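Starting from the two chains in their separate frames, assemble the complex, guided by the hints.
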Amino acid sequence: MRRLALVLSLLAAPLWAVEPGEVLDDPALEARAREISQGLRCPVCQNESIDESHAELAGDLRVLLRERLVAGDTDEEAVQYIVDRYGEYVLLRPTTDGANLVLWLAGPAMLILALLVGRRVVRERARAGEAADLTDDEERRLKALLGDE
Amino acid sequence: MIVELGHFALILGFALGLVQMIVPQVGAAKGWHGWMAVAEPAAISQLILVGFSFAALTYAFVTSDFSLQLVTLNSHSAKPMLYKISGVWGNHEGSMLLWLLILTLFGAAAAVRGGNLGATFRARVLSVQAAVSVAFYAFILFTSNPFTRLLFPPLDGQDLNPLLQDPGLAFHPPFLYLGYVGLSMAFSFAVAALIEGKVDAAWGRWVRPWTLAAWVFLTIGIGLGSWWAYYELGWGGFWFWDPVENASFMPWLLAAALLHSAIVVEKRESLKAWTILLAILAFGFSLLGTFIVRSGVLTSVHAFANDPERGVFILLILGVFVGGALTLFAWRAPVMQAKGVFGVVSRETALVANNILLAVAAFVVFVGTLWPMVAEMAFGRVLSVGPPFFDAAFTPFFMALLAILPVGAMVAWKRGNLARAATPLWPAALLAVAIGALAFALQTGRSALGPLGLMLGAWVVFGAALDLWSRTGRGARGERLSRLTRLPRADWGKAAAHAGLGITVIGIAGHLAWAVEDIRVAQLGERFAVGGYAVELEAVDRLQEANYTTTKATVALYRGDRQVATVFPEKRFYPVARMPTTEAGIANGVLRDLYIVIGDAQEGGGWALRSHIKPLSNWIWGGSILMALGGLISLTDRRLRVAAGAARAPSGPRGVPAE
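Top line first, the protein sequences correspond to chains A and B. Using our numbering, you'd call the opening residue of the first sequence number 1 and step up by one each time. Using our numbering, you'd call the opening residue of the second sequence number 150 and step up by one each time.
Take the hints with a grain of salt, since some may be wrong.
Below, computed lysine to aspartate or glutamate pairings styled on DMTMM-like, alpha-carbon distance capped at 25 angstroms [stated by the list, open to error]: (1) B:Lys-563 - B:Asp-640; (2) B:Lys-347 - A:Glu-124; (3) B:Lys-488 - A:Glu-124; (4) B:Lys-701 - A:Glu-22.
To be clear about the criterion: a stretch of chain B counts as covered by chain A if any three or more of its residues have a C-beta under 8 angstroms from a C-beta of chain A, and this derived list gives those stretches [what the hints assert, rightly or not]: (5) 258-266; (6) 382-392; (7) 526-538.
Everything labelled a hint here was simulated from the structure, so no lab data went into it. Keep in mind the model is a prediction, meaning the values are calculated, not measured. We put the beta carbon where it would ideally sit given N, CA and C, even for glycine.
Next comes chain B alone, as it looks inside the complex (with noise of 0.2 angstroms):
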């Protein structure tokens, strides 16, 4: 019964849909506020009626309702209850539920706080935000109905696909989706904005904490997917340029310059046609990706749903929206006139690169992971594009960005003085320099690639330290502390994100650069040497869980003849989906990880055993949590938490109340 309450909800919530649509979009046009009213509580209402199908599936999953085909498809009853509830999104059906959860609660939020919007505008908005939502509730009652019932319920499930039952996994997608559906606000605002033909500050204003919030979820959620990846695919890697992990890491590039460009149309009301076009962009790329997961067109991984039908359709709402947003764009774009003017050395010139050197690495991805599609239609080429394409043409734009970040970061706005700003970056230059030289000199007849990544990495750190401190002004240094204390949380979020970045690029460095590995059988109780440290095969159990069975191995790690750590690397068969999973065994160090993965039973005796160090590599997720930390404290900034429009009620035709 209540399952069959949340597939009414849908059928509600997708009416409401259409309703909000139409009816604001015609009020603002005629300038009907009757009309134009509708789309708040619509928005709030579609959340309600979200909110209790997805919880109505939720129940299914957890109390293990088999008459339920998604249920039997993809649960267990002997499954742990966490998975059990990551089991409804860890499926097609559920996931996209989750997605228009997740887009009716940015459209809901942007209702409730909206009301210095101005009542126009923000109609426009809703009305845009719920056109995507109609879609999405189309395709799930269409084509991916995750309420489709058996009329012979079996006696237990076919469990949950075992790689995703893990808790880096578990919230791995809820964190993307966030991500990915943040930028439909960006979008709504762009095409609002575009109908309106009004851009100016109040609007970069606006878009900022949108685009800043979905970008903080694409953070921690390719951050959980990387490291995921690392423990659990068992061969040390963390980012593989899979076509999946291509398809969230497009949008977060987009995003982080769609952040960037927005300041700058705050700030200075330029650049507006361009953050206009990357908005559009960069939730088209969120789509982009959605398609690419769930068409399988790109098989890989990830791709665990492979319906003709259901790509398609998905490829429509892409094509509608972007294509039609890119449509209202060039008809629309010539409207929108830059007010500020600036010197070619300028924050603005900095931030222009910014978004030239992000948006052409976001297109090399973005044509290096749909190339082998195009190769074989038109040209008939059956062929890969794998790392090492990646590595070889996206690193460049990579580290072009990061020379110029500090520098950039640090120019004045309107008109700077390239020797002013790089003057108190002398320190952090030597400094990361020093850095490089010493770990090139240590190092002996490797890769260029580790110092430089090194030096790179450290050079981003200490310019952000030192973009922070410098905003503390003049005077003693004890004065200056005290006004560090007092500097706005904007510039704090500046600073620890670009530093941020800046470790995770180290760890990167780290990680490929100085890796060890040893392959050997090593017979129980035998010792030997990898790297610096010995490895020691101490027993190997079988074991029967829940619904699972391992092979549990027990290695002591000694570093001379003190032990450091004992790991339990396990080989797990999951009996009801026939699926073997790795579970690595890592001692996590602040300079290194020792990564162990225990292989099969030899014939001769003893097990194949697979040894690794891997420096550095904790900073790659100490630096996306660190960047995620930035994105957040900026968005707890008075100036964003107060929330635009009103803070500088603009005299426009807008008719916002005074403060």
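So that you can see chain A by itself, here it is in the shape it has in the complex (with noise of 0.2 angstroms):
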């Protein structure tokens, strides 16, 4: 039985982001291999980070992440080297060149026009108070009253 268990897990993949074995020495360039690898995606997964996922592809992109850094690249040159040969797919943060303007600014955009409406909406509602600044109620009343006379 315990053979075959054995048997089994080595069958399964291995089920695991970070490797031991992937961690440097050096605690800096570690928390920026770790804080970078939280925004490349893995090519082969579906939405994961190359952080979280345990697909191989995965694996080896950490090492390559973690080779350029050591090699003395910054951020920015570390995050290009990949891109360069992955495309901009595995970006989980879009940049914001071209079309992808209409993506961030959709938002902000949106705001700005809901604003507008919302305050258009709000001063008209101010103001027809304003013209009949009499309830329902008050109205009602004095329709009786002055169909009384």
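Structural data, given as structure tokens:
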């Protein structure tokens, strides 16, 4: 039984994100590597960063990234190195160039639009209030009084 | 035989749905009472038929009837009973049948409880509801039939996706669907009101309980899902901005907005057109969510259906219903004139701001979720939109919402005074700033977002408490306390839901800002420090369970020399599905979770072990529970229970019988 269990567990993919063996000795460098790899998408996974993924390719990318950092790359250079090879698909934070501006500006633009419309509605309601500053009830009573005359 | 009867019941329900869609609508237009009266028994019969159909499918799963294709593909005889049952909806066909079941459940509920709605309006609501059902009957029967038999049944099944074999996820879809489909009621009411050309206070009252119920279910469903992700996926996160998560989050945001704007319709007869639009959009996003999940168009962890034919069908449903409703809206919206007037500083304005922020936040999630698809189709760019985008683009709107919430919740209706609303909130503001400052002082060199989140969360929580307290009026403390217990349930519900939101925000801030992580090769019996704790790997056992094998570690956790907990992280392997899963070992605490994950055996001896300290994690779900509770308390309020229409008998042409 135990042998069977062992065989089966060997069949399983290594269920692990960052492996202990990958961790760099320099804590500052390792912290940078972790930070960067949280923003890089594993190309063969479904919506996982290479930091979270246990796919083999993600592991390779983690090692590659650390190699670049050890070689003295800045964060940007290291990221660019990987983007050059795997495309902008790996960037979990999309760039702000070209059409992506639409993506980044959609929220703020919508907010401005909504605020303008909202302001108009509120003002219009407030002005309607000034014009007819009687409640429905008061109006009814007023009508009743006028009718009495 | 039972399975065939279930299939037949579904077809019969389809026919009945067609009748319920057409006959009452015609009756309402012509004023034929007999035709309108068809809706009620039809709605109830539909529930019975679909209920039977669902029961038949459940029966097939429970008895492991492998002559059914669906059972073969998604079940296994060795699976525990709970997962045999949850396997019914743990797949595409079954989950669509569950969707339909809930749809007919809501339809029947509206038929039974709609006594004071007015005959014409009720007929129209039920007719629209039936139209939605018909679309899903057709979808199931023509593209996703769960009752397909196999010519040569295998000896055993292929097992349910092991990730889904978990109590948290077993009940996650039903709650989510109750929420999605609950919004169909708001949609039906909106469309019926557009056809009728009349939206008034009674309409607002009618829509609110349904929307509130849907929102409560969505809150529970999303909470369960994120809780599951936290302990099952094994990397300590709880929210990944995955397209499928976003698909449930967008309706939640819009349902929250709808909930608040319907109050304005009910109390002040303003914002009518906007509220109708929101009701349409909220359900539209539910359908969009279904489309995203079911079509697999944005592949992600959850997409277990990858069939373009089905995707196109759902897209068609989405187009017809949302497109149709929006066209109707454009045509009829000018009819709806606002009546109530309000000043620039008023509760109404605060709720407009609430709606703007919630809707824009939902819009950001929407754009971010669909952008990869748009960019690829329109610009040929293959790119990703991940958590960093949503963190940056979504969070500011939500922070603004939290900042204005306590003041907006207290400012008076119609014509308020900001100073008067803000004065009782001073203690909350001071406490919140103090907490934020303390957190900032205690941490060193980390992002300011943690203290900021803590501060905003505390501000909302204390604000909710003070809001409730201020409702008790003036007088001696004892007097006010006794008044506190007699406040309407709606007031309690509001305070609880707002406080819950604040608590969730505090949890998220703590979880994200102050987590500690340690990755290493741990030797058996070696004790090492992580944060203020010590971790020791005591044993690792390989065990054989009913339908999986597992590598189970025993890990002792110490604080100083005192043992605080023992946890058992696991690494499971499901041989039938050939899939590994993780089970994190978590020692839950009020202020922090200790979160341990076991990895592989290392060549030089020892095991890979990952240890996290996750501060305030449980507050995330504690707050979610409180939010849902708040909604439930509100639902039991007398004003909503007596349900609308009748309470304030409208004098219009609706002709509701007097109380």
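For each hint, the structure was consulted:
1. Among the hinted pairs, Lys-563 of chain B with Asp-640 of chain B is consistent with the structure: their alpha-carbon atoms are about 19 angstroms apart, no more than 25 angstroms.
2. Distance hint between Lys-347 of chain B and Glu-124 of chain A is fulfilled; the C-alpha atoms sit about 21 angstroms from each other, no more than 25 angstroms.
3. As the CA atoms of Lys-488 of chain B and Glu-124 of chain A are separated by approximately 12 angstroms, the hinted pair is consistent with the 25 angstroms bound.
4. As the CA atoms of Lys-701 of chain B and Glu-22 of chain A are separated by approximately 24 angstroms, the hinted pair is consistent with the 25 angstroms bound.
5. Under the rule that three or more residues need a Cβ within less than 8 angstroms of chain A, the assignment of the region 258-266 of chain B is violated, with 0 such residues.
6. Counting residues of the region 382-392 of chain B whose C-beta sits closer than 8 angstroms to any C-beta of chain A gives 6, which meets the bar of three, so the coverage hint holds.
7. Counting residues of the region 526-538 of chain B whose beta carbon lies closer than 8 angstroms to any beta carbon of chain A gives 11, which meets the minimum of three for the stated coverage.
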